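Trainee: Chains as they are written, first to last, in my numbering: chain A, 1 to 415; chain B, 416 to 784; chain C, 785 to 1290; chain D, 1291 to 1710.
If you're looking for bench data, these hints aren't it; they were derived computationally from the structure. The structure presented is a predicted model; accordingly, all values stated were derived computationally and were not measured. Possibly wrong hints are sitting among the right ones.
In silico DSSO-like cross-links for lysine-lysine, where the CA-CA straight-line distance does not exceed 27 Å [claimed, not checked]: (1) 1091/C / 1126/C; (2) 638/B / 1670/D; (3) 638/B / 772/B; (4) 1305/D / 1091/C; (5) 214/A / 772/B; (6) 982/C / 967/C; (7) 970/C / 910/C; (8) 967/C / 786/C; (9) 99/A / 81/A; (10) 214/A / 561/B; (11) 982/C / 970/C; (12) 1305/D / 1381/D; (13) 1037/C / 984/C; (14) 638/B / 561/B; (15) 229/A / 561/B; (16) 638/B / 229/A; (17) 1670/D / 214/A; (18) 501/B / 99/A; (19) 1091/C / 1030/C; (20) 1305/D / 1044/C; (21) 1126/C / 1305/D.
Which chain A residues stay away from chain D? Per the calculated CB distances, all over 10 Å, these [said to hold, decoys possible]: (22) 79; (23) 80; (24) 87; (25) 106; (26) 163; (27) 222; (28) 232; (29) 292.
Using N, Cα and C, we set each Cβ at its ideal position, and we do this for glycine too.
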Amino acid sequence: MNDPQNPKAKEPPSTDVPVEEAVAERARAAGVATQGLDWRNVILVPTLALLAGLFVGALVMVFSDPDTLRSWASLGRNPGKALSDSWTLVYEAYSALFKGSLGSPRAISETIVSATPLIFAGLAVALAFKAGLFNIGAEGQLLVGAMTSVYAGFTFDFLPGPVHVTAALIAGFLGGALWGFIPGFLKARTGAHEVIVTIMLNYIGLLFVNFLLKSEIFIRSGRTDPITKPVAESAKLPPLLGAEYRVNAGFLVALAVAGAIWWLLFRSTVGFRFRTVGTNPNAALYAGMSVGGTYILAMVLSGGLAGLAGASQLLGVQYSVFPGFSSGYGFDAIALALLGRTHPGGVVMAALLFGVLRSGATGMQAATSIPVDIIVVIQALVIVFMAAPELVRQIFRIRADKQAEQDTLSASWAT
Amino acid sequence: MRNRGMKPWLIAMFLVLAMFAAACAEESTDGEDTGDDTGTEEEALPGEGMTACQVTDTGGIDDKSFNQTAYAGLEQAQEELGVEAKFLESSTPNDFEPNINAFIEQGCDIIITVGFLLGDATAAAAEANPDQKFAIVDVDFFDFEKGEDVVYDNAKELTFQTDQAAFLAGYVAAGMSETGKIGTYGGINIPPVSIFMNGWLAGANYWNETKGAAVEVLGWDGKDGLFTGDFEDQDKGRNTTESLLDEGADVILPVAGPVGLGSAAALQDAGEGSLVWVDTDGCVSVEEYCDLFLTSVMKNMNIAVYDAIASVVDGSFEGGLYSGTLENGGVGIAPFNEFDSQIDDTIKTEVEELQQKIISGEIVVADYL
Amino acid sequence: MKVELRGITKRFPGVIANRNVDLTLIEGEVHTLLGENGAGKSTLMNVLFGLYSATEGEILIDDSPVNFDGPNDAIAAGIGMVHQHFMLVPVFTVTENVMLGVEPTGPLGVLDRDQARKRLLDLSTKYGLEVDPDAYVEDLPVGVQQRVEILKALYRDADLLILDEPTAVLTPQETRDLFEVIKTLKASGRAIVFISHKLKEVLTISDRITVLRRGEVVGQTTPAESDEHALATMMVGREVSFEVEKTPAAPAKAMLEVNKLSVLDDRGQLAVSDVSLDVRAGEIVAIAGVQGNGQTELVEAITGMRKLAGGTVRLDGKDVTGQGPADMFHHGAAHVPEDRQKHGMVGAFPIKDNLVLNSYDEKPFASGIKVERAAVTENAQRLVKDFDIRTPSIDVHIGNLSGGNQQKAIVAREFSQAEVLLIAAQPTRGLDVGSIQYIHEQIVRKRDEGCAVLIVSSELDEVMSLGDRIAVMYRGQILDVVDRADATRDKIGLLMAGSRQKDATA
Amino acid sequence: MSTAAAGLPGGISQKRARVLGLVFIALSLGIFWWFALGSESGLSSTFKLSSGNEFVTVPDLSLPARSTALFLGTIAAFLGGLQIARGFGNKTYLVLGAVVLCFILAFLVWAARDRSLNMLGMLSSTLLRAVPLTLGALSGVLCERAGVINIAIEGMMLTAAFTGAIAASAIGNLWIGLLAGIASGALLGLLLAVLSIRYRVDQIIGGTVINIFALGLTSYLSARVFSSYQNLNSPGRFSVIEIPLLSKIPIIGPIFFSNNIFIYLMYALVAVIAFAMFRTRWGLRVRAVGEHPKAADTVGIKVLRVRYQNVVLGGMVAGLAGAYFTLGSVGRFDENMTAGRGFIALAAMIFGRWHPVGAFGAALLFGFADSLQNKLAILKVPIASEFLLMAPYLVTIFVVAGVVGRARPPAADGQPYTKE
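Just chain A, same shape as in the assembly:
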C-alpha cells in the first residue's frame, strides 16, 4: 500500500485545488448534512433495489415458462394474452411466495427460522466490512462453528438446560472465531488478502468437517453415512411457540446480538477503532490504533458471529451436522450485509426479507412449480442494484445523496 505509484494512495492530486474546491463547494451545497440516517440512503435505495430485483426476477420467470413463451410467440395474433398470461404467472408466483412465507402461523414461523442464521451470518460479514475486511469465509466459519457447537451439544449433557445451550452457543462462537482468526492473523502479520484466504478456508473447513463427520468422535452410532450424533435435549434452543412450530429462542438471541453489535460499532471505542481502520487504515496507524490487532479482532468477532449462525441452526433446527449443513449461508450473508448497508439494523431487516424469500419459495414451488432457485436470482439482482446504487438512481431517476461513502475493499491480492 505504500507504493508511491499506487494511484489509490490518497496523495494530494496534482490538480489539487480544483478538486478541493469542488469538495468545499459540495459541502456548502449540502448544508448541514449529517452523519445520521439519510432516509434516501437507508430506505429508498434498498427498497428500489428490491423492487428492481423482483421485477427482473419476474422477467426471468416469464421468459422461462414454456406456456407463457408460447403466448409471447403468438404476440401478433393475440397481444393481450401474452401480457395477461405473464401477469398471471408472476402474480401467482409472488402471491404464493408471500403466502408461503407470511400466510399462516407456520409460514411465519418458518420465515423466522430461515432468517435466524441469516441474521448472524449477515452481521458477521457486516462487522468485517466495517473494519475494511471482506469476509467471504462465513460459510467455512459457520461449519466449523457448527462442529464445535455440536461437540459441546452432545458431550456436555451433564449440564442443566440453560447452561448447556449457552455453552453450546459459546462453543459455536469459539469455533467460528478460530476459523476467522486465521485470515485475520495472516492479514495482520503478512498482508495476505483476506478474500483469498477466506475462500480457501471455506474449502479447507468443508473438507475438514467432512473428515470429522466420519470420525469416531462425531459419527452417530449405527450409521455409516457422515452424520454427527444429535445434540442432547438440554442443548436445544427452546421453541418459542410450542413444539408444533420450529421457531425457537435462537431468533431472540440473534436480535440481542444484533443490538449488541450495533452498540459495539457505534457507541464503543472498539467500534470507533473498527470504523477508522475500515475507512482509513493509515489514519488509524497514525492515531496509534493497532491496525493488525483490529483486523484480528474484527475477523475473530466476525468468524464468531458466523459460528453462531451455525450454532443457532444446529441447536434450534437441525440438531446434528451432516454434509450440506450450510447451504450457501455464507454467500447470502454477503448479500445481506450489502442490502443492510452494513448496519446491524439493516442486516436484521434484510435477513427477515431473505427469510421471507427463502421460506416462501418452497411454497411457491409447491404451488406453481417454479423452482426455488429463482430466489437466488432475485437475491443476486438485489445485490447488483445495491452494490451499484448509481444504477438504481439512474433507473428511478433520483438524486445522488451528498455524503455517500463508498466502501472500497478490493485492493491487490497480496498487499
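Since the structure of chain A is provided, determine the placement of chains B, C and D on it from the hints.
Mentor: Just chains B, C and D now, kept in the frame of chain A:
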C-alpha cells in the same frame, strides 16, 4: 451520458433472456404433442382429485437414475389412477423439512420422500402428523439408541435388497472381465449405496470361488472404498472412472445416480470397458450410452412407489416395511441388451440358477463378502 | 511551432478551475506559469495535453484550431508533458516506458525493442540525458526518472514540452542540471512551459512569465521587468510578507533527544542513517531538505509510526525508543502528519470524530469501552471556535471541507494536545496564503507557550521564516544544524544539495 | 530485527533461505520416516508407463520401494543441506520444485508398494483435471493484468457450461455450443466490466454478485427447462483427437497428444497469451494499464477500453473453461457442476504469479492432487482423501501469506480508474 451508460447492461440482460427464450420456444413446439394431452380422457379415474407428492433428495428430479425412477411411479399413477403428481426438489439437506412441510400444508394424500438422507426428516414428520400418509424410499426406520425397529402406521418404508441383484451383476462382470479386475465407486457411503457394492463384491467373490479365479474388485472392500462425495459432480465421476480404468478395471459399477453419467463419458472417450447401470435399465433411461451397459441392477422403485400410491387410492394403505427382493420383483437385473451376443450361454444359465438359489435362500449374499 | 490558448474556461462540478485564459507559446522560449497551489496551472496544462477537455475556448496550433480528444491527439500534435507525479510504470524498463504508446512493432504487433532502444540511446546522447535503457524504473533515483520522462516526450518528437513543477523533487544541483537541459531544448527550437511557484527559479530560467490566480491570468511579464516581490504580489493578489512575526526563542531543556537513529523505508533500504538531533522547549527546529531525503521516515520513526532500525529516542528525559504513536501521544507529543488526507483524518467521519481521532479511548471521551458522546461534541464545539474552522456543523464529514479547513482541524486537534513536543511535517503544503499565515502564527504561539517544536518543510522560505535552528537533511543524514542567525539561503541551499559546511564556507 | 544489519535487504532473503533449507530437511526426514521406514523391505512398486498404443511399448517400471525412497530422501536432504550452507540464489524455486518432486515420488513409491500404479493414466488425468483450472486461471490473468480482479471465474464457467449444453443440444452442433458458451462468458465478462468500470462497484463485490447470480440462474433454468425438456440437456461431447505421429511417442504421446479439443485449445491459449502478454504491443499496453493506469492514460492508451476488452476476453476464456465441463468432460449439465473449480483457478493464477505459464504449472499441480486422491482410494492408502484435496487450498494460503516468497500482483489490481 446518463442514458447511454444503461445500455450495455440492459443489452446484456436482454440478450441472456432472449437466448433462453429462443432455446425454450423452439423446443416448446416439439414438446407440444407430448406435453398437453392430459385431460383428454374424461372418464373418471379412481384417484381423481388426489395428489401424490414427491420430495427428492439433492440429486434432482431428472437424474436419470434415483429420483427419476421413483418419479416414474408417480407419473404412472397420474396416468393410470388419475392422481395429480407433484414434486419438490431439495437443493440442500436443509430443504428436506420445509419441503415436506410445504406438501403437508398443500394437503397431499401421500408424500413420497426419496432417499436415505430424508430418513430423519420423514420420521419426524410422520410422528408429528399421524394423519398424513408417507412413503419413504430406502429407509427402514430403526432406533439405534434402543436398538429396536420402528414402525409408523402412516409411513411405508420401501427398501430394496439390491445386493441380491448386484450379486448377479457382479458374477456376470467377473465372468466378462478380461483384465481380471472389476471396479465400483459410490456417491456417499450410506447403506443404500454400499448395499449395491456389497452385492457386486460378493458376486465376484462367488465367481472366484466357484471358478477358481482371482478377479479383483477395485473401489470397495466390504467396508470402505471409492466415493465421490456427492450425487452431483459428474466430472468427478469421470475422473474416478478414469482412475479405475487406468488401474485395469474393465467393468465398472457406479452407484452415484447421475454422477454415473460421468463414467459413461469416460468410457466412451477411452473406448474400452463397460458399465453396469443402477436403479433402472440404463438402456431405457440413458439410451445414448446403451452400447456401454453390460446390464443394470434394477431397483424397481417405480413399482413400489406406484403400489404405495395405489394402496392410498384404494384405501388399503398401511405403514411398515416393504422389502423389494428378487423374489417379489422389487429388484432384478436388466437384459444384457447389446452385450447379449457376447455373453456365454453358460453364464446366462448360471445367472438364472443363481437367481433361483438366492430366492430359495440357498445362497445368502452376505456370506460371500 | 506556435501554440495559442484562447479564452480557455474549465469548469468542474461546482467550481471553475480556469476562467477565460489566453496564452501564447512560441518555439525557442521558456514560458513560465506561476501561481499558488490551486491557481489552475496544472488544470490548464492538462487541457492543453488533452487530458481534460475545455468547457469553453479553443486551442490553435500554428494558427489553425485543433481539437484534442485525448493525450494521443496532443502527442500527435507535438505536445509532450512531464507530470509532477511521474507517469512511469515502475516494473517496466526505461525502454519499455519510453516506447509505451508509440511502440515500434514487427508483424503481429510483436515489439521491436531493439529499434526503440537504439532511438532512445540516440536521444539520450544528443541531449545529454544519460540513462540505462535496460534498468527498471523502480530502481532509479527520482532525478533519473525525470530524465526518462523528458526522453519519453522527446521520443514522441515533442515540439512543445510542458514541465509541471519539475524542480519540486530535485536538489539545487539537479535543478541546475535540469536548467542546462532546458536550455539545450530551447536551443533546438522547442517551446517549453515551465510550471512553478518558486520565484527564484522562475526568474532564472524564464523568457516570459504568466501569473495565474484563482484560475485567471492576472498578469504577464518577463524576468527583466519584474522581481520577486512584484511576482509574489501578483501571485497572491495583495501585499504579502513572508516574514513571520516572532520574538527570539527562549530555549529551555531538551524535550526531544534523538540519538543515532536509523530507519528503513518501505522497500527495505536505509532511508535515515545515524541521525542525532535535539529539540528544546521553546524553540522551533526546522528540518530543511529536498523531499525524499528521509524526512518522512525520520518523522514517522520519531512518532512511532515506523520501526527503528537502530538508535534511541528520548522524550522529556524518558526513553521512548520503539514506542508506538499512542505511547508518544500519552507522553505529550503531537504530530501534524505530512499527508493529511492519508494519515491525518478519516474523510468519511464527521469533524467531531476526527477531532478525537487519537484520544477517542481516553477520558473524558470514553469510559471503559463506552464512547462519551457529549464530551466528544463539547470538544468539537470548542475547537471549531478556537481554531476558526469554517464548517456549517461539527457533524459534516471532514472530507467535505476545503484543504485549508481540513488542515486547521488537524492543527486544532494536535495543537490542543501538544504538551511537550509538537511535530509538524509540511504543515502548509497545498494551502493558500491566508491559511499559511494562520498556521505559521499558531506554530509560533505554540513555541511561545513553551512547547518544543519540530518542523519539516521542503519550502526554503518556510524553513527560513519559522526555524530558530535549521537542520538540513540530505540522503538520510543531517548534514548540519545551523542557527537562524547564521543561516543564509545560499548556505542552506548548498547543504540541501549535499555540500558539507566546510565546502560551503570555502 | 533491532539492528540495522538484520534489516538489510540481503539479510531478509538469507533468513528466508535458511528457513527454506530447514523445510527441505524436514521433507527429507518425512521421506525417510514415512516412506522408507514405512515400506517393508523387499517390496517393489510397479509403475505402468504405456498405453499400448505407441511406437515402442515402454516396459513397466519396477522399483524397490524402500531403497528408492531412501535414495529420494537423500537427494532432498542433500539439497536442503546445500540450501542452508550457501543457498541457490535465483534458482531457489527450481530447487524447491525438485525437493517437492522427490517428496511426491517417494510418496507414490510408498503408496504403490507391492502393487502397480498406472503412472501414465495418472499423468494424463492430471492434465485433464488441469484444463478448466488452467483456462480459468488464464481468464484471471487476462483480467488482472489489466487491473480488474476477477473472482467471477466460477460464475462465468458455470453459466458457460449451461449455455454450451443447451445451445449444443438445441441446435445439434457442438461447435455452436462451444461458441455459445464462450459468448455467455463474454457477456458475464461485460457485466463485470460494466459494474466495475462504469459503475465502479467494488470488483470483489461485483464478482461475488456474478457468482451468486450465475449459480441461481443456471440452477433455476436447469430445474425449469431440463425437467420438462430433457433433450435440451444432451449436447454430446467433443471426441478425442489423436494427433498423428505425436500421439504415438512413448509416454508423452498418450498424455499430451491424445485428447479432446479443449486440451489443444489450452496449449494454444497458454502459448498465445504468454507470448502476447510479454512480447507484443498489446501486452505491453495491457500490463501498463494494470500497473499504472494513469501513466498509460497520459501516453494515450485508452485505459477503460483496454480494461473492458480484457475483461470480456477473460470472460470468453472462462466461458471456454466452462464449456469444457459439458462439452468436453461429461456431455451434460448439472446444477453447480463446476463445484468451486473457478476458485481453484483463481488460486492457480496467484500461485502462478499472474503468468500464463506459471498458472498452467500451478493448475497441473492442483490437477495432480485431484487425480492422486482417487488413486489412493483404489490403492487403499490409509490417508483421508480430504487432506489431499485440501492441499491446493493450503498451498494457496501459503503463497498469499508469502511463506514461499511473496507473489506480486499488478499494482493497480482491483482499483477503479477515474479520469476526474
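Trainee: If a hint holds in the structure, say so; if it does not, say that too.
Mentor: Okay, the hints, checked on the actual structure:
1. 1091/C / 1126/C: It holds: about 19 Å lies between the C-alpha atoms, which stays within 27 Å.
2. 638/B / 1670/D: Between residue 638/B and residue 1670/D the Cα gap is close to 12 Å, so the pair holds against 27 Å.
3. 638/B / 772/B: 25 Å, holds
4. 1305/D / 1091/C: Cα-Cα ~19 Å, so holds.
5. 214/A / 772/B: 37 Å, violated
6. 982/C / 967/C: Holds. Residue 982/C to residue 967/C sits at ~19 Å (cutoff 27 Å).
7. 970/C / 910/C: 14 Å, holds
8. 967/C / 786/C: Status holds; Cα separation ~18 Å.
9. 99/A / 81/A: 26 Å, holds
10. 214/A / 561/B: 22 Å, holds
11. 982/C / 970/C: Roughly 21 Å between the alpha carbons, so the hint for residue 982/C and residue 970/C holds.
12. 1305/D / 1381/D: 16 Å, holds
13. 1037/C / 984/C: It is violated: about 38 Å lies between the C-alpha atoms, which goes past 27 Å.
14. 638/B / 561/B: 24 Å, holds
15. 229/A / 561/B: 15 Å, holds
16. 638/B / 229/A: 21 Å, holds
17. 1670/D / 214/A: It holds: about 17 Å lies between the C-alpha atoms, which stays within 27 Å.
18. 501/B / 99/A: Roughly 19 Å between the alpha carbons, so the hint for residue 501/B and residue 99/A holds.
19. 1091/C / 1030/C: 36 Å, violated
20. 1305/D / 1044/C: 26 Å, holds
21. 1126/C / 1305/D: Between residue 1126/C and residue 1305/D the Cα gap is close to 33 Å, so the pair fails against 27 Å, i.e. violated.
22. 79: 25 Å, holds
23. 80: Holds, since 25 Å exceeds 10 Å.
24. 87: Given that every Cβ of chain D is farther than 10 Å from that of residue 87/A, nearest at about 19 Å, it holds.
25. 106: Holds, because the least Cβ-Cβ distance between residue 106/A and chain D comes to about 25 Å, which exceeds 10 Å.
26. 163: With a cut-off of 10 Å, residue 163/A remains clear of chain D, as the shortest Cβ separation is near 34 Å.
27. 222: Nearest chain D Cβ is 22 Å from residue 222/A, so the label holds.
28. 232: The assertion about residue 232/A holds, with a minimum of 27 Å to chain D.
29. 292: Residue 292/A is indeed farther than 10 Å from all Cβ atoms of chain D, at 14 Å.
When each numbered hint is compared with the structure, violations occur for hints 5, 13, 19 and 21.
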